Amino acid sequence: MRRETIHAYLLLLPALVLLVAFTHWPAIETLIDSLYATPHGGHPAPFVGFDNYTDLRDDPVFWQALRNNAIYAAATIPASIVLALLMALAVNGALPGRSALRLAYFLPTMLPMIAVANIWLFFYTPDYGLFDQVLGWFGGGRHNWLGDAATALPAMIAVAVWKEAGFFMIFYLAALQTMPTDLREAAALEGSSRWNYFRRVTLPLLMPTTLFVLVNAVINAFRVIDHIVVMTRGGPDNATTLLLYYIYETGFRFWDTATAATLTIVLLAILALTAWLQFGVLGRRVHYR
Amino acid sequence: MMVADHNRLGRALETIGAWMLGILWLLPLLYAVWTAFHPAAYATRFDLFAPLTLKNLVTAWQAAPFARYLVNTVMLVTLILGAQFVLCTLAAFAFARLTFPGRDLLFALVLLQLMVMPDVLLVENYRTLVQLHLVDTIVGIALPYLGSAFGIFLLRQTFLTIPQPLDDAARLEGCGVLARLWRVYVPLAKPTYIAYGLVSVSYHWNNFLWPLIITNSVTTRPLTVGLSVFATTDQGIDWSIVTAATLMTSAPLLVAFLLFQRQFVQSFMRAGIR
Numbered sequence: 001m002r003r004e005t006i007h008a009y010l011l012l013l014p015a016l017v018l019l020v021a022f023t024h025w026p027a028i029e030t031l032i033d034s035l036y037a038t039p040h041g042g043h044p045a046p047f048v049g050f051d052n053y054t055d056l057r058d059d060p061v062f063w064q065a066l067r068n069n070a071i072y073a074a075a076t077i078p079a080s081i082v083l084a085l086l087m088a089l090a091v092n093g094a095l096p097g098r099s100a101l102r103l104a105y106f107l108p109t110m111l112p113m114i115a116v117a118n119i120w121l122f123f124y125t126p127d128y129g130l131f132d133q134v135l136g137w138f139g140g141g142r143h144n145w146l147g148d149a150a151t152a153l154p155a156m157i158a159v160a161v162w163k164e165a166g167f168f169m170i171f172y173l174a175a176l177q178t179m180p181t182d183l184r185e186a187a188a189l190e191g192s193s194r195w196n197y198f199r200r201v202t203l204p205l206l207m208p209t210t211l212f213v214l215v216n217a218v219i220n221a222f223r224v225i226d227h228i229v230v231m232t233r234g235g236p237d238n239a240t241t242l243l244l245y246y247i248y249e250t251g252f253r254f255w256d257t258a259t260a261a262t263l264t265i266v267l268l269a270i271l272a273l274t275a276w277l278q279f280g281v282l283g284r285r286v287h288y289r
Numbered sequence: 001m002m003v004a005d006h007n008r009l010g011r012a013l014e015t016i017g018a019w020m021l022g023i024l025w026l027l028p029l030l031y032a033v034w035t036a037f038h039p040a041a042y043a044t045r046f047d048l049f050a051p052l053t054l055k056n057l058v059t060a061w062q063a064a065p066f067a068r069y070l071v072n073t074v075m076l077v078t079l080i081l082g083a084q085f086v087l088c089t090l091a092a093f094a095f096a097r098l099t100f101p102g103r104d105l106l107f108a109l110v111l112l113q114l115m116v117m118p119d120v121l122l123v124e125n126y127r128t129l130v131q132l133h134l135v136d137t138i139v140g141i142a143l144p145y146l147g148s149a150f151g152i153f154l155l156r157q158t159f160l161t162i163p164q165p166l167d168d169a170a171r172l173e174g175c176g177v178l179a180r181l182w183r184v185y186v187p188l189a190k191p192t193y194i195a196y197g198l199v200s201v202s203y204h205w206n207n208f209l210w211p212l213i214i215t216n217s218v219t220t221r222p223l224t225v226g227l228s229v230f231a232t233t234d235q236g237i238d239w240s241i242v243t244a245a246t247l248m249t250s251a252p253l254l255v256a257f258l259l260f261q262r263q264f265v266q267s268f269m270r271a272g273i274r
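Note that the protein sequences, when read in sequence, are chains A and B. Everything in the first sequence is counted per the numbering used here, starting at 1 for the first residue and increasing by one. Everything in the second sequence is counted per the numbering used here, starting at 1 for the first residue and increasing by one.
Please keep in mind that the hints were generated in silico from the structure rather than gathered at the bench. For clarity, every value in this text was computed on a predicted model and none was experimentally measured. Among the hints, a few may not be true.
Each computed SDA-like pair below joins lysine to any residue, with the alpha-carbon atoms no more than 25 Å apart [as the list claims (entries may be wrong)]:
id, chain 1, residue 1, chain 2, residue 2
1, B, Lys190, A, Thr178
2, B, Lys190, A, Leu13
3, B, Lys190, A, Met110
4, B, Lys190, A, Leu10
5, B, Lys190, A, Leu16
6, B, Lys190, A, His7
7, B, Lys190, A, Ala174
8, B, Lys190, B, Ala170
9, B, Lys190, B, Phe260
10, B, Lys190, A, Gln177
11, B, Lys190, B, Leu114
12, B, Lys55, A, Thr125
13, B, Lys190, B, Gln164
14, B, Lys55, B, Asp238
15, B, Lys55, A, Tyr128
16, B, Lys190, B, Leu81
17, B, Lys55, B, Pro252
18, B, Lys55, B, Pro65
19, B, Lys55, A, Leu130
20, B, Lys190, B, Leu258
21, B, Lys190, A, Pro14
22, B, Lys190, B, Gly174
23, B, Lys190, B, Arg171
24, B, Lys190, B, Val255
All chains should be built: construct the whole structure from the sequences, respecting the hints.
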């Protein structure tokens, strides 16, 4: 073998071993485990084919987790992206107190999600919490925000949007700052309105950034469940159970590893679909400079 | 004239809107600070002349082994950062500057981890760590994150921009692979290391779910897990103390962020541009 080839493999070895051991191999193992029953007391698990999948099909909690996650993603992703873009546009222009404002938007990003959850848990407390107090001024009554199945998921969505918008703002800001100014001057000379300029020039030029942010937002919508663990534990009555939380619960509270593996395959399929959409479908339509 | 007035009004409205959003974004944090530094009686009502106190912080600090949790977190992020720097540098150099069979395939395998992170493979990774007898150790928390696709990708992109003649010059002077890497590539990629370092430290300082699963004792728990244990079991619902503990655990990173704000923001930007 060539010397360079040996060098290359030696340099890659440590990183690749760890990558494969904790990402690729467990993904394959998950697929295998989803075809076997959960092992009990030292006996090898029997092969059950697609039984775990049919069980999942008949599991109402699984469907609810999927529905919850779909609603959660459909609300947090557009809300945090639109807010991020507005924030970036605001602090990119000459605005009084620009750097203070940028700090205000970005600060929640630096907090651990668990700290954010603790703070918001307090806001949602019936009677004493900020929300009930503010509503109290307007004659609103006591409301158990996290205890009511109708408001618990929206409450989780609000937390996620507050935490994430500032993070995505950074990427829009980076893109806006590298945008050519001569286009803006040309547009101003032609008397083009700011809204037109934004719609025709800025927004298309921001497409690669939007795609990047979108992919990250989708991944986060399925990956971050810290606030669920701390604030609601999936309740009330599974109203805030997201897919990964359901995996965590079946895997580490009920120790039903076969079902957890099957659920993980569903999650991996969703992530794979996202990747395919990113590189296959959307990627081709985005204008890269 | 009309147009100018119209524009000025529009700008004023935009400024007001931006600031209202800013205040809305800052409010939860200000409220937490208020609660943490005032007696419990003022936790839920606002009074400009309420007495300030550090008692909540002291009580929270003494109520749980936060000093130990802090040490654990510092050890954890240091271990992860050190290992990531070394492993990712070696791999990134191979991908950027060496030619070998299977390079594109291996690189595609690495990139796969950008979509499927170890965070979602909880059950299998837990089983692996049981087999390695590393459950409830700091190494165990760190292990799944040490081979980082993100780090390899970021450093490879940087190494690709370093002029080949510099590398050739070092080679002519008789430098081996590691010497070239150390003398030419690492010094020139310093901004990327800072960027990746800040992103990695803030990610792992704040990481919660995996450490929650893999730790079950005071000597290994990082701050985030310690805080959740404290907030749910040790405390009733004394919000002043819970909030004080919450701010305390986030404080080191927040202070670092406030001091090095520009570097942090630029680092996140750099890490995001691909």
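To see whether the hints hold, each was checked on the structure:
1. Annotation: proposed proximity of lysine 190/B to threonine 178/A holds, straight-line Cα distance about 22 Å (limit 25 Å).
2. Straight-line distance between C-alpha atoms of lysine 190/B and leucine 13/A comes to about 24 Å, which keeps the hinted pair within the 25 Å bound.
3. This hinted pair checks out: lysine 190/B and methionine 110/A have alpha carbons roughly 23 Å apart, not beyond 25 Å.
4. The suggested pairing of lysine 190/B with leucine 10/A holds, with an alpha-carbon distance near 24 Å, which does not exceed 25 Å.
5. About 23 Å separates the Cα atoms of lysine 190/B and leucine 16/A, which keeps this hinted pair within 25 Å; it holds.
6. Proposed proximity of lysine 190/B and histidine 7/A is supported: the alpha carbons are some 24 Å apart, at most 25 Å.
7. Annotation: proposed proximity of lysine 190/B to alanine 174/A holds, straight-line Cα distance about 20 Å (limit 25 Å).
8. With a C-alpha separation of about 19 Å, the suggested pairing of lysine 190/B with alanine 170/B holds against the 25 Å cut-off.
9. A C-alpha spacing of about 16 Å is found between lysine 190/B and phenylalanine 260/B, which places the hinted pair at or below 25 Å, so the restraint holds.
10. Restraint check: the Cα-Cα separation between lysine 190/B and glutamine 177/A comes to about 22 Å, which is no more than 25 Å; the hinted pair holds.
11. Restraint check for lysine 190/B and leucine 114/B: satisfied, since their Cα atoms lie roughly 23 Å apart, inside the 25 Å limit.
12. Restraint check for lysine 55/B and threonine 125/A: the C-alpha separation of about 23 Å stays at or below 25 Å, so the hint holds.
13. With a C-alpha separation of about 18 Å, the suggested pairing of lysine 190/B with glutamine 164/B holds against the 25 Å cut-off.
14. With a CA separation close to 13 Å, the supplied pair lysine 55/B and aspartate 238/B stays within the 25 Å bound.
15. Between lysine 55/B and tyrosine 128/A, the direct Cα distance comes to roughly 21 Å. Compliance with the 25 Å bound is thereby established for this hinted pair.
16. A threshold of 25 Å between alpha carbons decides the hint, and for lysine 190/B with leucine 81/B the separation of about 14 Å falls inside it, so the pair holds.
17. A distance of roughly 19 Å separates the Cα atoms of lysine 55/B and proline 252/B; the hinted pair therefore holds under the 25 Å criterion.
18. A hinted pair counts as satisfied when its Cα atoms are at most 25 Å apart, and lysine 55/B with proline 65/B qualifies at roughly 17 Å.
19. About 23 Å separates the Cα atoms of lysine 55/B and leucine 130/A, which keeps this hinted pair within 25 Å; it holds.
20. Only pairs whose Cα atoms come within 25 Å are accepted, and lysine 190/B paired with leucine 258/B is accepted, the gap being roughly 22 Å.
21. Between lysine 190/B and proline 14/A the alpha-carbon distance is near 22 Å, which keeps this suggested pair within the 25 Å criterion.
22. With a CA separation close to 24 Å, the supplied pair lysine 190/B and glycine 174/B stays within the 25 Å bound.
23. In summary, the hint linking lysine 190/B to arginine 171/B is supported, as the alpha carbons are separated by about 21 Å, within the 25 Å threshold.
24. Our distance criterion of 25 Å between C-alpha atoms is met by lysine 190/B and valine 255/B, whose separation comes to about 23 Å.
In summary, this structure violates none of the numbered hints.
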